[in-house]
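A.B. asks: Start from the sequences, fold in the hints, and give me the full structure.
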Amino acid sequence: MLRWILGSREAQSALEKSSVLCIGEEQPQNCFTELQVLKGHFDIVRFLVQIDDFRCASAGDDGLVLVWNTETGEKLLELRGHSQQITAITTFKCRNALTTQTMLITASSDRSLSLWDPDTGNRVQTIADLHSSVKCLLVLERLCLWLSGGEELCVWNQDFQLQCHQPNPSDTGIIALIELPKNCVAAAMDKEIVIYRLTVPADSVLCLTEMQRLSDHRDQIRALINVNDNMFASGSHVGELILWDAIDWNILAYEHILWEESQSASEIRMGSSKPSEMSIQHLCSNGKLILAAVGSGLYVYSVLTKTVLAYRKVAHDSNVLHTIELISCSEDGSVRMWEIQDLPLAAEPASAGFFGMLTFGRSSKHSGPPSKKVLDVSNLKMLELIGDLIGHSGAVQMFVSFKENGLVTCSTDHLLILWKNGERQSHLRSLKLFQKLEENGGPVFS
Amino acid sequence: MIGSPDVVAFTKEDDYGQPNPEPWPPIPEEFSIPLYPLADSNPWAKTSYAKFTKDFILISEFSEQVGPQPLLTIPDEPKVCGTFDLNYFSLRIMSVDYQASFVGHPPGSGYPRLSFVEDSRVVLGDSKEGAFAYVHHLTLYDLEARGFVRPFCMAYISADERKIMLQFQELSLRFSQASECLKAGNRRAFAKELQRKLQDLEYTHSVLQREEGLQREADPQTRYSAHAVEKANELANVEKSIYEHRDLLKQITSYHGRPRRDPHAAMCHKCMSECLAECEDLLEKFSKLAGPLGCIGEEGQILTEDEAGEGEMEEDEDGVKRRPSYTPQLIRAKSAKCFDKRLKTLQELCDETFYEASMELLKETERSFRGDLCYLYTRRLDRSLRRKQKVTNFLFEEEVCEDNDEEVTIRPFCPVNHSVELYTLLKPPHIVLAPEPLEDATEPFSEISHTLDSELGLGESHLESSPSDQTLETQDSSEGTKCSYSSGTNMTKQQDQQHNLDSVISEAPDPDSDVTPDHERESSSEDMETTAGDDEGDHTPVSLLEPNGECEETPLEVCESDLLLPIDTACCMSQDGFLYEDLAADTADESDHNSKIQPPQTLVVNQEPQALHLLQDHYTVGSLSESPAAGLVLPVGQHADSVSHVSVEEGSDCTMSTSTGSDRAHSPFGYGAVVTLRQRRKAGQGALRFVRQYPFAIQALWCLLSGRTLVVLGEDEGRVRKLVAALALFVPGPGKSAERIQAWMSCPFSLSDIYRWKLIGLQRVSSPMGSSLLYSLSRYSRYISILDIDQKTLRCPPYHGQLLSNIADHRTSIRRGSSYFLHLQSVLCRLAAKAFLLTFTHHLHLPVSLEEGPEVVKGRRLCFLQEQLGLDEDDNEILLYLSQLITRQYLQPPSESTAPPCFSFKYTTSDLYKI
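Protein sequence lines, in the order shown, are assigned to chains W and A. FYI, in our numbering the residues of the first sequence are 35 to 480. FYI, in our numbering the residues of the second sequence are 787 to 1701.
Treat the hints as calculated values from the structure; they're not laboratory data. Since this is a predicted model, take the numbers as computed values, not measurements. Glycine is no exception: its CB is placed at the ideal position from the N, C-alpha and C atoms. Just so you know, not all the hints are guaranteed correct.
Rough simulated footprint, nothing fancy, chain A against chain W, three-plus residues with beta-carbon under 8 Å [what the hints assert, rightly or not]:
{"no.": "1", "stretch": "65 to 78"}
{"no.": "2", "stretch": "420 to 428"}
{"no.": "3", "stretch": "459 to 473"}
C.D. replies: Structure follows, in structure tokens:
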């Protein structure tokens, strides 16, 4: 695009080299026309968590947890306490007699857990000297309990008292935890998903019973999510997406996401289909659709039809790290917004570039435990790029959407960027202006 | 007719005698053009009357030995006053000393009294010399002088009478500051001198006592011998002298406690209290000495003289730490003859620091009044206009610092630079310009300034009328050349008038107590009390006060037109237009005026009703395309016409306007305008060159004005810097020290750089770092426009508007950078005004009724921009951006906010432009 200025092509970095997908600078559907850069971290910012409608907390490798006002962009609090990088963060609703207060639980590599009050910045509780660092956290609001997963699985109550723990369930440790119906939780560790049930036997001591081990994945599980009340999904490093029944833990669907194109070429150039290119990095779901981040591509899977609805093989120039609601962020430093559009008429060559390569016969080559669903082209829709946000100079690790109030992204460049709808902001400012005008009784030209 | 000043005004002295009677009647002044063009064809170079080339300040004294004599001039160059006779002029200015200095023993008091006199201010003209002067008399104290006083005067001498008259208030303010400073230093020095003298006297006293005692011991019989009697007399004299000096010290200490009439008299409080403390120290010390002295006087034998002497000495060292080295000297019975002694110089009379400081003040005054009246006028007009639009000034004006400067100077001046928080702010500077009395009066400032300004506005008629009346008189009389007039009286009268007026206007139960600022009340009440100063006041011809007398009875509207009469139409045609354009709002505002005066709080900005009113006014008038820009365009509309009618009609029987005109004509114009703003003019030159050189300049300017960061890419640092400096003129809200502009950088930039800086000069490098730099350029290309000055290309979104065509026309006929700069300023100012209107018009941003959605509001905004402001879509973006800036600035100036700045942008495609 800027070749006239770049002079030579070598100027382009690796990130740019496969910019097949380029929306250009005109993005009428992109409403994020205002941004604020939030500075405060000194290292990679990895986690973002929404506290309430106008606050979010960010945490990263510098061990800092910062609380931000997303309406103004102000930094509200700095929660200092962890000496090493934060490995997990979640919100926790503390129920007192009168009120429910949102607190923050953080876990760090310094093998400590802390409970923070994001209103005051106080470190309310802290537990140090754990056996291992915690990799994931799960809050069971209904039971007023929370779980920490790492090399061991611990259950804690509201007051940070250890209720019970399950030592060393596997070598690699738990990488993800989700809540299942009937007081069950699913923990993903290595290639298995272990279902535990929380029970309170007669002696009234909480105990954690292993119910089942689901070992259908052929490689490490990378993502584990709840889809809806009846099912959950998991994705592995080699691109297997398995849909499970949430109650009896059976496989509902098995999708091996492999790009047909790369398989077709696999005989010729095997090197191109490295497992990392089909690794499911992240899954998210709205109950009906699952959006899987597979390598640098995106994959929309319909839970109802159990088929792939739409996909984009190269959605980003590099691995996609996080997705929510058809928004994805990637190592290439950009955030992209997508829209599922109906496929144009087949006669149109415009779409042929991507879908012309679809060959169905090849998929039968892979023989998973359940046979792979054949992609039905009549159901296939297009995943169309409607806008991208460029601002970070490093990989965008995560983002949190505040709906119409904006989007917060965090990145390895130590920054957070608050993206907003410029028109809406301008309207809000006008409101404020006339409010101030009214308060002052007129424009005070200070 | 020929002898009438009108005609004389436009002919040279040489032509005066030519027997060439003009057959036609004298044409109205405003149509007159010089009948005989001057040889150098520069109508402003009429300095032939004055014997000096530019304005200067003269300090003279009335020496008791040699009479009036000039001391120094500022600037201190011999060529300044040329052949101008300073001695003669000193005589003139010292002869109009209206200070009521009363010296010596007043009846009923035993000791000589110091007279505390207020400074007097006089405007004096000498048309023969071509000199007009503002003369400020002041009195300093000198123990050795007759009556302890030394009269001095400072005069601002100019060839332009109007300049003096119109700037009277400010001259007065500034000279008062200098005078206060001198006087404060002088009091310090005087107290020190007194202290020394007292020490001498007491030493003498002790010596005499010792001698007497010795004598008595030696020969008790000779008590009544002639010698002894003489000694005793001498001793008594010394004692009397001690009492007198002690009393003087007490008097000088009481100086600060006494009420001041002078509204301009204000000093740094810390200085004052320091000085006071010092004096009180002394006073205490010497009153303590009075004890033992009294003892000695009565009993005489308690202490041996040596002991007493030592005691004194010790106490000396303890009590007066500042002059521990001073050794008292014996004072001879008879002081030296008046003419033998050397009088102290001004430096010696005043403490050195104070002297230096006041000289600095005067120099500053001289500097700030340099240049022709027109120049001063334009500058101030400009300034006062900007002050009205504080909300938008940050966009394109570099006013802020200048304003601050001015505020600094109007603070009570402190020669030793006491910390700022100790200042109580004096009045804001007032602009005394004849054509805009009402503008000032309605200027939304503090209570004080408001009343002050209106007072000045009222005062104007006097200031102008009285001297011209006088001039007429004197010209009729055979003397013909000299006129003088005391303004001090007028000032006080005006204040009285103002009181009356206020009471008439406001009908507040007790307007005087609430309305008037303290100093005014003080001064006016003192007018009743003072015995010395007010005699002139009472004898002021009643005729001078007539316009105001009318004012008291007539409704305000009439009053205004009266006030506006003295405007010299010939000189200020366009300014009239401007003024009266404002008047419409002002007259309506007069109703607000009342309410604004009433609240007694000081320094509370309470201007909203007016501001709102203006807003509404502008809006409802419907002539939206004009009104926002009204400040800068000078529409010669109905208002101006009607007013000039008024002034012509009423001016015919109004002597003052004609005579002022003549005087103005008599007084030659000063030298040309001083070169200022050199840098920006230079930038104007650069901008003009850019516009002429690049056909796509308009796109670049549009980018800057619509808030898209422009990167100037080039290899040569000098060229890039120059171009950045030129383009900086177009960056809205560049910040006080151009924080939004980065003239030169050579490292890859990040997103925050793009929105911190709106204009970036970037080095093109071919090293590996250059590639990462170019990568960052391409990565953020959606946020920036890139101007490559090596390849002469511009990459930016296309612009199709019309708004900028008149500042970015590469076939422009403007040739000079400074002209282009001014042109640009006016265009940008107009833009800012439009943006202001857009920002503060409620229904363009918010729904009027509940059922209106955001689309309706948006549509209305677009409609407003398109139809009422006549803008294209691309031009809208400029206004919307400016409006955003104004909104943000108004809500929270960036300096105060803790939140990171917002960066707005658009997703549009860019084109590549080539030459």
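A.B. asks: None of the hints should be skipped; say for each whether it holds.
C.D. replies: Hint by hint, here is what the structure shows:
For the stretch 65 to 78 of chain W, the stated coverage by chain A is satisfied: 7 residues place a CB nearer than 8 Å to a CB of that chain, which reaches the threshold of 3. Closer than 8 Å: that is the beta-carbon criterion, and the stretch 420 to 428 of chain W has 5 residues meeting it against chain A, so the requirement of 3 holds. Check on the stretch 459 to 473 of chain W: 11 of its residues sit with their Cβ under 8 Å from a Cβ of chain A, so the three-residue criterion for coverage holds.
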